[in-house]
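Chemist: Build the full structure now, drawing on both the sequences and the hints.
Chains as they are written, first to last, in this note's numbering: chain A, 1 to 300; chain B, 1001 to 1118; chain C, 2001 to 2973; chain D, 3001 to 3187; chain E, 4001 to 4187.
It is worth saying that the hints were derived from the structure and are not from the lab. Note that the structure is predicted; figures quoted are calculated from it, not measured. Any given hint could be a false lead.
In silico DSSO-like links for lysine-lysine, alpha-carbon gap of 30 Å or less [stated by the list, open to error]:
1. D:K3134 - E:K4079
2. C:K2795 - E:K4150
3. B:K1114 - C:K2107
4. C:K2881 - E:K4014
5. A:K32 - E:K4149
6. C:K2883 - E:K4019
7. C:K2883 - E:K4160
8. E:K4079 - D:K3089
Rough simulated footprint, nothing fancy, chain A against chain E, three-plus residues with beta-carbon under 8 Å [claimed, not checked]:
9. 4047-4055
10. 4060-4074
11. 4088-4102
Every residue gets a Cβ at the ideal spot worked out from N, C-alpha and C, and that includes glycine.
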Amino acid sequence: MLSNIMSILLTVFTALVWGLLLGGISRTVTAKIHGRMGPRVTQNFIDVWKLFRKTSSIHHGGMFWLAPMFRITGAIAVLLMVPVVVGQNITYNMSFAGDVFLLLYIMFFGCLGMALGAGNSGHPYAVIAVSRGLAQMSSYELSFSVAVVAIAVGLHTFRIEGIVAAQQAGISSWNIFRFPFASAGALIAFLPMQMAYPFGIVLAPQEIPIGPPTEYSSRFLSLMFSGRALFSVAKLLFFVNLLFGGASSWLSLLLKTFLLYMYTVVVSSVFPRFRTEQSIKFLWLVPTTLALVDLVRVML
Amino acid sequence: MSAEYLFYWSMAATGLGLVLIGLWGVLTRKHILRIALAFTLADTGVNLILVWSGFLPNRAAPIIDSSVTTVVDPLPQALVLTSIVIGVAVAALFVVVGVLASRKSGSADIRHMKELRW
Amino acid sequence: MVKALAVFLPLLGAFINAWLPGKHSKASRFVSYTVLTAGLAFVVLLSIQLGAWNLADLSNSVIFHSGVGSPPLSINLEITAGGTLAALAMYAAVIFSIHRFALHTPKSQPLILAMLTASLGLLFATDIFNSFVFLEIGSIATIGLTAASRCGSRWEAAIKVALVSGLVTILYLLAVAVLYRSTGMLTMAALGSLSGGAAVLVSILLLTVIVTELKAFPLAGWGLDFYQGASSNVAGLYSATWSLAVLMWAAKVLPLLPIGNPIIYAWIGAGGLVLSQLAGLRAGSAGRILGYSTSAYASLLLVAAGTTTGAFYTRTVLVLMVFSSLSKFSLFMLGNPWKNRGWSGYGTVLMLIPVLLLAGIPPLPVFWAKFAFLKHLALHFPVVFYAVLAGLFLEAVYLFRFWADRSEKISVKAFSKPSAVAGVFIILVAAIWITQLWWGQLDFSGSIIASSTLRNIFHALFAAGTLLCLPGVFKRIGSERNYWFWLLISGASLTLLPAAGNGITFYILWEISAFAAVVGVSKGTGARNGAFWYAVFASFSGYLLLAGILLSRGSFVMAGLPALLMTLAALVKLGQFGTHLWNVRTYPAAPGTMPAYLSGTASKAAVLLLVAVALNATGGALPWGRAMAWAGALTALAGAVLAALAPDYKKLLAYASVSQIGYILVGLGLASILGWTAALYHTVHHMIFKMALFLGAASVLYRTGTTRFNNLGGLVKKMPWTFAFTLIAVISFAGIPPLAGFGGKWLLYNGLVEAGWLPILIVAMFASVVAFLYSYRLLHGVFLGQLSPKNAHAKEAPLALLLPQGILAASIMVLGFKPTLLLNILVPALKAIPGLSGLAPVIQGDMVLTTMGTWNAWMVGIMVMVVFGIAFVFYWISGHKPKYVGQLDIGFAGEMPPSADEVHYSNNFFRPYTRALAFLPRIHAEKIFCGVSKTFSMLGDGVRMLFTGDGRTYLAHSLLFLVLLFVFLNGGM
Amino acid sequence: MIDKVKKELEIRFPLLKLVREQHNYLHVKVGATSAMDAVLTAKTSLGFTTLQLISAVDWMENNAFQVTWILENYSEQEVLLISAYFPRKNCVVPSLSQIWPAASAFEREIYEMFGISFPGNPREGEDFLLEGWKDIPPMRRDFETEEYAMRTFGERQPREHIDPRQYIGDVVGEWNTPMGRNREEEK
Amino acid sequence: MYCNHPPEKPGDKKEVLQKITNMARANSLWVTGYGTGCGAIELRPLGTSRFDMERFGIAMRPTPRQADVLIISGYLSTKTLKRVIRVYEQIQDPKYIMALGSCTINGGMYFDSYNTLNVLDKYLPVDVYVMGCMPRPESIIDGFSLLMKKIKEGRATGWKHYKENLDYYRENQKQIIKNWDLPDYNW
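Modeler: So this is what it looks like as structure tokens:
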């Protein structure tokens, strides 16, 4: 029991640190691609700390107040539902309590809270961004769920441990090789999930100031940043478990998540942005079709 | 065929002919009074047939006095009386209504009384 | 001899009245009332003497002669037991209506009394020639009354009646002549002794006369014109006396005609029924609509004459004709457009009762006769059965439209209150009286759902749903009227529904609950359209259900066509996509907590029906389960998309309801234990959250007076509790884990994967994601964003609305954290059903296991709560005190927002989504329905071209009918 | 092309004075009473359908405001300026906002800056640039800008004052060369 | 509709980890994306690869709620001042103002304009002035480094001064904003 709690705390802490660090790295890498020097890799820690220590802040009502907590809770819930290191049962945290369906749906917990907070802020731009984000989310979830279902049905299990366990027979048994089309679909869906360009319509600083968190300041924003870092690590972890055979040690975990993260960073820094309806159509068409190929294969 | 039978059948034929002429008139005439007339004609024909239905050859009219022993069936004649009375009443009503209706529509032509339809 | 007074008293009154000077209307009225009351008393005595009140045996009769000698010289009357009841109705109608004539055309009283005499005479006449006399008197009285009224087109109507009665006279007398010539007798019994050519001749002549006089379909033209042209008083009186008399007379004569095989009546009747009702769809004026309805009942009489015999025939015809004539009488009396009143007065109910009577809705008296009759048809004459059913449905459609269009024009004064009360009382008494005759057919053993667990679940569902709607019934706004009574009736019959043990019981409860709800809906503001759509779809689904029950030959449902029909009935009732139109129109229009009841509770009746059909027909797996699942999945998707784009709170919820119901269909279509568990779990859950949402909508409506998103927003500041409960319901139905909604989805997906129906799984999952769109739209559009100054006065919902929401929200929480409470009941019950395939989910403590997935709701819930709690506490104790700022204090490029309304984003909320969907062809279900209705309208237009309005055409119709009949019968022989 | 326009205008408006003419540019001056006629004629008969600008000049010495309507004929690429003098006191000029909705903004600006009223403009008097201005309109030449600035924004911080004319006059030779300023600094 | 509470007076109490916090504040300066005057054009190159302000942790934020620094980029008209006040007050503490160009110091070349304020410091507390007309990006970076230095040393307390002397600033602001229709306190 105690070791379980320790493991959970360790997981959350590591994810937070790693998530912020990854954010910093991504900023640096993007800067390098632009031909700039870029910030320090620790810049995100500095930002979060600064925001946390701002001396005043405002709020617009109960839901606004609760939204960052929803966000962080959702992120941690997703994180704990995924096994961290394969083979070390202690790090499986809460993953016994649910399967991929639960994971797919609990991912919305944070998003919904965020959207509610944005709505409560009373700022029209925040709500416009939410409307775009929801529209886009409903599209990428289509291809993502097709991919997940294809993989899960192909492996005859919905349990994430089961999916990971099925990939332990060497690299060729990774799902990205066994289900290449579904994986491609899932990986394309991963970009809008991380709000990476070309699907970055939600946080559009130029037209709708920064999207949903327009009105968030200070400590709220700091929590939101932390939540986002945690959430992106949770998603990375899920993808590593889903497609890349899980991680057999902490090191390989860091490596795999890092590489996967770099994929979004590189893609997002070289592509321009889709308009919402373009992005919706693209997501309905390309990744869904790809994932459907594997689904049909599984069905036959 | 004796004259009685000839009379018997010609009575039926006349009645039927009157009915047919009346119906033809009803269906083809346009003036409302002509239609009334055609009805009266057909009514007369029907009355004839009704009388015919009680007709028995070589019998007298059912006006009972001592000399007459064999009369025709008296019932249809009684019926015909009723029928004629009713026919007159209906015809009168028809004409009244027809005249008033033609006053309302400004024409006695039945084709102009088509406000109510479909 | 004294008994003949019942017939001739009115004649006496007529004579006296005719001699009275016209100015003394008081005196003449006194005479009329005296005469009528005395006559009525006689008739009552007679009916008691003949034992007519026990409908089981109507064969008693008294014969007496008036005048001298024996018939045909004397007028010969046979007072039958059934006839006394019809006479009772005639007397009642005249007494109810005579004061209106006294008001408007005092001189017409002799004519009224003459018409009554003629009607009574025709009712009791046993002699062909006597009948002729009464027919002529009736015609003359009709023409006279029509001409004496004050209607603009009275002359034209009168002339058409006169034309036709002229022709009828001719044909009738010809038949009399031939009859007398052949048999020498003129009694009706003599008809039977005809043979050979004379028989044919008399048959076709009399049949033409009867069909013309009945105004049955091909020869109905003059009657329609008459109903349209005559004043409503005259038409009403006519339909209650003369029309009824002709019907009863025809019912007497038809079986006696030596026509060979009487099935020909049925063909004429059935064909005429369908065609005339098609034409009736296009009828415009009130009189004409009711004329078509009369025509329908005439056709029904023909069908009855062709297919039934004996006491059954007599009883059926008597009940059908008497009550339909009375309803038409009251509709004519009510439909008088004198005063324009708002919709949803007493008038709506007053008018709905006769309409429901005509449509044969239980427990009103006509239903019983119709049910027995249709049952007979279904058993022996299936083709006629379908035709009759189709015709009756078409009739119901235009009657409901008539109701929706007309009833706002009713002035209650027009039908003075005592008489209205008396009328309702009579109908109630009749309903009770007739119901007790057939009471034995009802069965409340609940045997159609064998599993008592399922039955209890549904009992509890319906009872709880109704009870939770009740506290808020008095929180009405604006012109909404009291609807609690109808809600209660509907809810009570629903609660009984699972206890139904056979088809008729089920059907009766089903229809009572539906049509009580229709009345309830009609109490809303501007609910005309909604109530009309609900009525039409409810009756459509009712007729499908009826057909299914009747075709099942005694058992509740048989596999094959009956089961399919009943499935369709359930789908229509659920608002399966395509028929969702009624949900979307009805829910927003319904008053107060009514939509919560309709969507949350009443729609579950259809789920119950589906379960019952599946259990009884095949023991679980319906052959079209897969199609149903597809339909459900597509419904879920389409409903979700439409909900996301809806501009109105209640409309959004209506679409959401359509969408959520799709999941239930998918689950039931699966026909596996998992699928049914999912479906029933979702049924319970849907009832809970949808009621919470609609009660929330009712609260918002109550406090702000609007449900348009454009006028709402920011209400979280004013109605925090309502928001909290709505939020819980929304999170739950979006399927986000710690709350209850996820369970249904998880079970369903597992079931779908187990069955290998992956495409449906994908569609269902996609639909559930689209659900986020509208769930956010709902929360933001109403509660978040900027509070409009228009709603600044709003405050927290009243406790009567809030408390049920609180209970529902609490149960969502409980079900979310401990779904095993419900699953532990459901799973064993479903395991016991042999027809369900697949493996049952294994429940170990809080853990639910399927072959492929796991779900531990308790652990997930605890985890989320703990993390949330830690974050909350951390937040709280870290000394962070944000300042609450006003709603217009937003970073708005340095500007101050001009007003809250202008910065509230509400229009075109999911505009990008609409744009992305633009490539789809816009197939509106509405358009499909428009197409269907246009096709029917075209057909109807084609049919009604027959009735050109030229009086001679009608004569030609009759003659043509005669000729065709002659050719047909001779060809047949 | 522009000749035709000129002739046409001369025929219709005898008091017309020519200010300046180029191959696609014409500036004419008309009497205050016929200004509207001229503008409308230019729009309806001569094809100048675009209103580019309305401007005003304060001729305080002549006790008049000169209002100029700049019209453009886009298809012929011609510009027509129609000017008219209006008396300075309680200056009233007819509004064109019913004909060109865009005129409304120009007229509001002129009202704010010069106090010239354009009756007929539905939005006249709404704030345009100066929010809550209470002084005399700032573009009138009797408005003392510097004095107003001192009064409102306070004394300017002391700074060495150089009369630009004198300064430029001294160095004008070098100033005209590209590197003049740098050389001056080197000295 | 608007918040009516006066701001709390920030005390001088030491926070825990003050030094680290100051370092963090200095190294994570987020700038409101609000160009008030012509100098805004010189801010754009700061983000490019040539100057790259992100290496100092400086980033543009599109909303004042999330920003720390407000840059007044050049002359400020009274009309703009109104919006600037609102933006500045919406930034959460601690917050800093950097003023670019001579116009913000003493009016610059617009010193005698009827509509441009001369001394910014009377209306909003300026932490760092960057001189020049316009200052080049290098100067702005220099200004930033000065600001970072001040923050690290805890001397960039303009926001405290503003809150403590709100009445003084309000009085000055109301003097030149003639139609004062802002809420009393903007949050």
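Chemist: So, for every hint listed, does it hold in this structure?
Modeler: Against the structure, the hints:
no.: 1; hint: D:K3134 - E:K4079; verdict: 14 Å, holds
no.: 2; hint: C:K2795 - E:K4150; verdict: 51 Å, violated
no.: 3; hint: B:K1114 - C:K2107; verdict: 28 Å, holds
no.: 4; hint: C:K2881 - E:K4014; verdict: 18 Å, holds
no.: 5; hint: A:K32 - E:K4149; verdict: 27 Å, holds
no.: 6; hint: C:K2883 - E:K4019; verdict: 26 Å, holds
no.: 7; hint: C:K2883 - E:K4160; verdict: 17 Å, holds
no.: 8; hint: E:K4079 - D:K3089; verdict: 29 Å, holds
no.: 9; hint: 4047-4055; verdict: holds (count 5)
no.: 10; hint: 4060-4074; verdict: holds (count 7)
no.: 11; hint: 4088-4102; verdict: holds (count 3)
Hint violations for this structure: number 2 only, all remaining hints satisfied.
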